[in-house]
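Chemist: Chain residues, written in single-letter form:
Number of protein chains: 2
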Amino acid sequence: MDDFRKSSATTDSFVLAKRPVGAPVLSDFKRISSPVIQELKENEVRVHGLYYSVDPAEWNVGEVVKSEVVARVAESKSSQFRVGELVIGEFPWSTESVVLSDKVRKIDIQKAFASEYLGVLGQSGLAAYFGLVEIGKPIAGETLVISGASGAVGSLVGQIGKLFGCRVVGITSSEIKMKFLTAHLGFHASLNHLSDHFSEELEQACPNGIDIYFDDVGGSLSDSVMKWMNHLSRVVICGQISSVCSEATVSGKRIESVLLNRSILMQGFRVSDYEKKVPAANLKLTEWLTDGKIESTETILRGFDRLPEASSPHMKASKLGKMIVKAEDWL
Amino acid sequence: MDDFRKSSATTDSFVLAKRPVGAPVLSDFKRISSPVIQELKENEVRVHGLYYSVDPAEWNVGEVVKSEVVARVAESKSSQFRVGELVIGEFPWSTESVVLSDKVRKIDIQKAFASEYLGVLGQSGLAAYFGLVEIGKPIAGETLVISGASGAVGSLVGQIGKLFGCRVVGITSSEIKMKFLTAHLGFHASLNHLSDHFSEELEQACPNGIDIYFDDVGGSLSDSVMKWMNHLSRVVICGQISSVCSEATVSGKRIESVLLNRSILMQGFRVSDYEKKVPAANLKLTEWLTDGKIESTETILRGFDRLPEASSPHMKASKLGKMIVKAEDWL
Chain Z
23 MDDFRKSSAT TDSFVLAKRP VGAPVLSDFK RISSPVIQEL KENEVRVHGL YYSVDPAEWN
83 VGEVVKSEVV ARVAESKSSQ FRVGELVIGE FPWSTESVVL SDKVRKIDIQ KAFASEYLGV
143 LGQSGLAAYF GLVEIGKPIA GETLVISGAS GAVGSLVGQI GKLFGCRVVG ITSSEIKMKF
203 LTAHLGFHAS LNHLSDHFSE ELEQACPNGI DIYFDDVGGS LSDSVMKWMN HLSRVVICGQ
263 ISSVCSEATV SGKRIESVLL NRSILMQGFR VSDYEKKVPA ANLKLTEWLT DGKIESTETI
323 LRGFDRLPEA SSPHMKASKL GKMIVKAEDW L
Chain G
23 MDDFRKSSAT TDSFVLAKRP VGAPVLSDFK RISSPVIQEL KENEVRVHGL YYSVDPAEWN
83 VGEVVKSEVV ARVAESKSSQ FRVGELVIGE FPWSTESVVL SDKVRKIDIQ KAFASEYLGV
143 LGQSGLAAYF GLVEIGKPIA GETLVISGAS GAVGSLVGQI GKLFGCRVVG ITSSEIKMKF
203 LTAHLGFHAS LNHLSDHFSE ELEQACPNGI DIYFDDVGGS LSDSVMKWMN HLSRVVICGQ
263 ISSVCSEATV SGKRIESVLL NRSILMQGFR VSDYEKKVPA ANLKLTEWLT DGKIESTETI
323 LRGFDRLPEA SSPHMKASKL GKMIVKAEDW L
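The listed protein sequences derive, respectively, from chains Z and G. Count along the first sequence starting at 1, add 22, and that's the number in our numbering. Count along the second sequence starting at 1, add 22, and that's the number in our numbering.
Mixed in with the good hints there might be a few duds.
Which copy is meant is left open, because identical chains are indistinguishable; a pair holds if it fits in one copy or across any two.
Mimicking DSSO-like on lysine-lysine, the simulated pairs with C-alpha atoms at most 30 Å apart in a straight line are [as the list claims (entries may be wrong)]: (1) 201 - 184; (2) 133 - 52; (3) 159 - 298; (4) 275 - 298; (5) 63 - 184; (6) 40 - 249; (7) 338 - 88; (8) 52 - 315.
Read the hints as simulated data drawn from the structure, not as lab findings. Keep in mind the model is a prediction, meaning the values are calculated, not measured.
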């Protein structure tokens, strides 16, 4: 009986097959099939993936990729979860997983769309909130510049910056994304860093200099931004997509003298640094979302199979906001 | 009568004759003689220089160099100052100057030595205090690494760090200075950054990694320090002596990914950023000094003529602590 069930039921997963050179491409992933776990132990929950968050992250070669996933409970040996409930957690990129109940949180789809728990109400929202509020410390009237502005985090940072009364300038990489930032999200200005006159355009967009730079990109783009940073300004290092390489190999202008001459603060962070403040931040983000003060921007690809494609750099050009893959057999 | 006095009485000053390439050398300065001002206007004070602070600073070519100077009041048209009183202020490198009374503060030589008002109780003390306390935020048990540790600021940072219960590791550039830091100031360890095994020695001196890096030097020395910085550590950028060049030309490893991966804060500052907190900081520093908890380290050259020499890089190797020039005709 046991043998029969093991051979008939399999789960599909994506494994990182080799170390990506720069950002991962399709061929860096391998789809594998493995037998499902038959019998749950005490406090285990079987979940079926629904929405998979796709983020720039480091994974281990040979292991199943993991990210935040919104899933449905298919079976439960935990008193806290019932079959059919929607939950979220750091789950593998598998169609089906068995996870410990203390790694699973319920979500309330009366309060927000399921996918929004991966964006505004997930790590992206918290990164935007903590980076801007805890490090950027925005003050009304200040100028906030955001790189990667049309991304999951950047698009939220700009909207939150507006709520604080900042002049919000978004840096992105195409005409369509520029339009999106100003016409749709109401940024005060948007710029294409690929423009030949980027530095001059940035200067014009920031007539009072820059007080906060929320940086998700880094590299030479940042060199241009640093030129216009004000005395006592803040640089929030949220990501460095431009340098997916290792720490040691990326060179550029030494920043210390710039920080010294203008008393600039530069700080890297991760959401877990602010673990104790997560509940309060989530409350605030939920309030803003339900009040319509901020909105979620998502690019959703349909089909579990598209996870590798969603991770690859060629998607970057067309995507807006949070990149999500939705399993095909769910509505 | 007026003509006679003008021709007979002159004051000597040092002018920056040409833009230094890197740190200033003797030939960058020119000694000039000019007639003294005969008649003081209301609220003016005539001062004779006593102790001149020598700091790495940017001066304008063709102008008389300025720094903090302890001086004696020789004549006063201000009700606040009497002849013979000792005062301090940002005065020119002149044997005699006429200054506005609101640019002059009295010092109390019952409380501290006159020269200490340029060091512990001057800009160096405030830089050490604000950099370490406001940015470094030391916690007992943390490891504090200081570059330029035997200098005016660094030697104080280490002593204050010890008061906060930190493990204090000083980086300097000679055996004598290393000895001075550990044997005399009681640093827990000291290192020579010119050692072939500097990075390994640093790792050994910091078995728990580094929580605070107080940086007065920068450059490749900092690359070694950054390797051992802990998660949530702080880098205080107080000076960048290694790069006296302009902002634009100094390259090295891009630091942003390092800051991001370990949630590191890096911040430049100047004392004036904390203007409102100066009285409280001075009170604390005076208390520590009079209680013998911190001590002043000074290298004093005797003779007004030696100001250019005191500023030049060849002095760097032999000096300890605050560099001061004492006018010859004063005790």
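Chemist: All hints, please: hold or fail.
Modeler: Each hint, compared with the structure:
no.	hint	verdict
1	201 - 184	within (17 Å within a copy, 55 Å between copies)
2	133 - 52	neither (36 Å within a copy, 74 Å between copies)
3	159 - 298	both (18 Å within a copy, 20 Å between copies)
4	275 - 298	neither (36 Å within a copy, 33 Å between copies)
5	63 - 184	neither (49 Å within a copy, 53 Å between copies)
6	40 - 249	between (39 Å within a copy, 27 Å between copies)
7	338 - 88	within (20 Å within a copy, 54 Å between copies)
8	52 - 315	neither (41 Å within a copy, 64 Å between copies)
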